[in-house]
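J.: Here the protein sequences line up with chains A and B, keeping their order.
Just so it is clear: in the first sequence, position 95 is 95 by the UniProt record's numbering, and no numbers are missing.
Just so it is clear: in the second sequence, position 174 is 174 by the UniProt record's numbering, and no numbers are missing.
Any given hint could be a false lead.
Below, computed lysine to any residue pairings styled on SDA-like, alpha-carbon distance capped at 25 angstroms [as the list claims (entries may be wrong)]:
no. : chain 1 : residue 1 : chain 2 : residue 2
1   : B       : 18        : B       : 76
2   : A       : 56        : B       : 200
3   : B       : 64        : A       : 8
4   : A       : 56        : B       : 197
5   : A       : 77        : B       : 51
6   : A       : 154       : A       : 16
7   : A       : 119       : B       : 18
8   : A       : 56        : B       : 86
9   : A       : 85        : A       : 15
10  : B       : 64        : A       : 4
11  : B       : 8         : B       : 160
12  : A       : 56        : B       : 207
13  : A       : 154       : B       : 86
14  : B       : 64        : A       : 40
15  : A       : 6         : B       : 167
16  : A       : 6         : B       : 48
17  : A       : 56        : B       : 5
I should point out that these hints are in silico values taken from the structure, not numbers from a laboratory.
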Amino acid sequence: MMNVVKVRMADLNTIGAPARIRTTGLGSCVGIVLFDVKQKVGGMAHIMLPSSEIAKDNQFLNRAKYADTAVPLLFEKMLSIGASKENIVAKLAGGSQMFQFNTSNDMLRIGPRNVEASKLALSNIGIPLIAEDTGGNIGRTIELDTQTGILHIKTANLGVKEI
Amino acid sequence: MMGFSFDKIKDLQIDILKEVGNIGAGHAATALSTMIQKQIDMNVPNVKLIPFSEIEDFLGGEDKVVVGIFLRVEGDIPGNMFFVMTVDSAKQLLKRMMGDAVSSDPEFSEIEFSALHEVGNILAGSYLSSLADFTNLKLYPTVPSMAIDMVGAIISFGLLQVSQISDVAILINTTFLEGEHFIEGHFFLIPDPEAFDRLFSALGVPL
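The following block holds chain A by itself, in its conformation from the complex:
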């Protein structure tokens, strides 16, 4: 049985080959995946919100919860387990709009905002985004295979795909 590390909501983790790392039930949340193509180490964050500026409680900021803080934190953790910046690539999945509304409430279109913020945070540290499966109105469960770098994406209604 292959070792699979779980990443919970508002959490992140890293792992080396041959293990897999997964997170389940991404809706408006985004799964940010970093992978070192040479060292075969990978990391995953399950972010809920685009920016830590939204946080109303700054005392115990959970950096894994926000795109703008999770990306640099995940990047640091990748480096600390032996990844090199020039070999790291990124993939994104999630950021759906699960429910449709006629509303001006910005919170309800949080999925697309999470995706935009994740991309911005990646470009800020100069990590290339090489693949994404984002948007729509579907939930996703994702699993990174650190041996191949393939991200397996499972959906409830649209089957399985790989990016």
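Assemble the complex: chain A is given as a structure, and chain B must be docked to it using the hints.
T.: Chain B in isolation, oriented as in the chain A frame:
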């Protein structure tokens, strides 16, 4: 910056939240019972402070597919409300309402989809209106929206407001069962942090 913290909520307030779930779901169960002309039983509401990291396990785990109806509630007790059923339960419920017109395959036809939507609307509406009567507070629910998808993907949408101040949420969970247990549904009410002060004050147990 925020005065509210979940630490302030004590057993007394938890009991009050249970009563909220009891009254809301009680009225909804009566509405459902009338709709399908069967007796509906209800469990004692479960009120829990749940860390985000445990929410998936709490909901039955992994990527279980459910029918979820969501309403955003504005007004004095802002929050998010879900009515959640398994796909099997939803099919059974449709059969009770529409008879043989309901297909057995796991997909939902357009008419089945809109019937479920309407059921969710009625049930959530009766939950919220009884809550408004009980508390004498104003609640303005949005038109409901429905999704058939992974439970985590659905419920996490209701955590966005809470997630701005903490990594835990209070879920008021009430389960009801049709007599022979073929139909099981769950109500989840997830109040926004600012809802608690007003709710508890209105009910005479301020924080």
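J.: State the violated hints by number, sorted upward, taking the hints as numbered earlier in the document.
T.: Going through the list in order, the structure violates hints 7, 8 and 14 and respects the others.
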